[in-house]
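So for the sequence shown, the working numbering puts the first residue at 4; every next one is plus one.
Bear in mind the hints are in silico, worked out from the structure with no lab data behind them.
Using N, Cα and C, we set each Cβ at its ideal position, and we do this for glycine too.
A hint or two may mislead.
Just the calculated beta-carbon pair ranges, DEER-fashion [to be verified]:
#1 Q84 x G24: 32 to 40 Å
#2 G133 x T10: 12 to 20 Å
#3 G43 x T71: 18 to 26 Å
#4 R40 x R92: 14 to 22 Å
#5 D110 x E77: 34 to 42 Å
#6 P44 x A82: 18 to 26 Å
#7 R40 x A72: 21 to 29 Å
#8 Q60 x M111: 25 to 33 Å
#9 Q150 x P80: 24 to 32 Å
#10 K89 x D56: 30 to 38 Å
#11 G15 x E81: 34 to 42 Å
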Amino acid sequence: MPQTCLTSSRRGDMQALAVRGIFATDCYPQIHGLIRRALGPDCAALLAEPQHDAAQQRIDWYTSREGTAVPANELPPEAAQALREKAARHAAAIAALARRHEAAPGDMAGDMALLALRHVAEDDLWSVGGEPVLINWGFAPGRAGAQAQDLSRLGATPPPAPPVQAATTTPPPVAPTGGHGCLWWLLPLLLLLLLLWLLLAALGYLPSPLPAACAPLPDTAAL
Numbered sequence: 004m005p006q007t008c009l010t011s012s013r014r015g016d017m018q019a020l021a022v023r024g025i026f027a028t029d030c031y032p033q034i035h036g037l038i039r040r041a042l043g044p045d046c047a048a049l050l051a052e053p054q055h056d057a058a059q060q061r062i063d064w065y066t067s068r069e070g071t072a073v074p075a076n077e078l079p080p081e082a083a084q085a086l087r088e089k090a091a092r093h094a095a096a097i098a099a100l101a102r103r104h105e106a107a108p109g110d111m112a113g114d115m116a117l118l119a120l121r122h123v124a125e126d127d128l129w130s131v132g133g134e135p136v137l138i139n140w141g142f143a144p145g146r147a148g149a150q151a152q153d154l155s156r157l158g159a160t161p162p163p164a165p166p167v168q169a170a171t172t173t174p175p176p177v178a179p180t181g182g183h184g185c186l187w188w189l190l191p192l193l194l195l196l197l198l199l200w201l202l203l204a205a206l207g208y209l210p211s212p213l214p215a216a217c218a219p220l221p222d223t224a225a226l
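Please model the entire structure based on the sequences and the hints provided.
Given below as structure tokens:
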């Protein structure tokens with residue numbers, strides 16, 4: 004089958020992923036065969052075929068797909084989105100296949116297939132004749148601490164953020180209003196009037212405001 008070389012990668016810029024010391028790209032024939040038998044040739048063609056040079060310094064990436072080869076990030080937005088959705092469907096099917104093989108003791112096929120979905124960067128996805136092809140799979144970025152991309156999570160919807168509750172504003176406390184209102188200034192006047200009444204009553208000009216029991220008794224000494 005005709006093979007088209009998409010691009011080349013420097014191996015020193017990437018970190019190879021392995022299972023039990025075996026690099027994922029060294030198992031391309033086994034991974035490709037597993038996917039082809041279980042999911043069909045179209046899904047298996049998602050993975051570009053790696054060809055290492057003799058010095059293990061460079062990797063050439065080939066594909067059996069035919070048509071114009073363009074990196075996905077150079078496509079119009081609508082075409083790029085359609086390509087990513089198709090790649091995500093293939094990746095989800097491969098991940099499900101890998102998990103079934105992981106359940107078998109001693110079976111490395113599942114682990115290798117999962118590593119085949121890990122790649123270096125978002126621009127590793129290509130369009131060849133409108134079909135998705137992944138390069139740099141089985142590798143992580145060479146930078147310390149950098150994490151590999153996972154094609155099976157392409158387009159995954161993040162969990163919704165918790166609803167934001169409207170802040171409740173506590174009304175400021177209302178200052179208590181005085182019970183006397185504006186009549187408090189009458190109190191001194193009333194006391195003054197009471198004292199004046201008592202004075203006039205003592206002089207005999209006004210009746211005494213005191214109860215009769217408290218009024219002074221008449222002088223009985225002359226009796």
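These are the hints, each one checked on the structure:
1. Q84 x G24: 32 to 40 Å: Hint holds: Cβ distance 39 Å, inside 32 to 40 Å.
2. G133 x T10: 12 to 20 Å: holds, 18 Å
3. G43 x T71: 18 to 26 Å: holds, 23 Å
4. R40 x R92: 14 to 22 Å: holds, 19 Å
5. D110 x E77: 34 to 42 Å: With a Cβ separation near 39 Å, D110 and E77 satisfy 34 to 42 Å, so the hint holds.
6. P44 x A82: 18 to 26 Å: The hinted range 18 to 26 Å holds for P44 and A82, with Cβ atoms some 23 Å apart.
7. R40 x A72: 21 to 29 Å: holds, 26 Å
8. Q60 x M111: 25 to 33 Å: holds, 27 Å
9. Q150 x P80: 24 to 32 Å: Roughly 26 Å apart at Cβ, these two residues keep to the hinted range, so it holds.
10. K89 x D56: 30 to 38 Å: Given range 30 to 38 Å: holds, Cβ gap about 31 Å.
11. G15 x E81: 34 to 42 Å: holds, 37 Å
Hint check: no violations occur; every hint is consistent with the structure.
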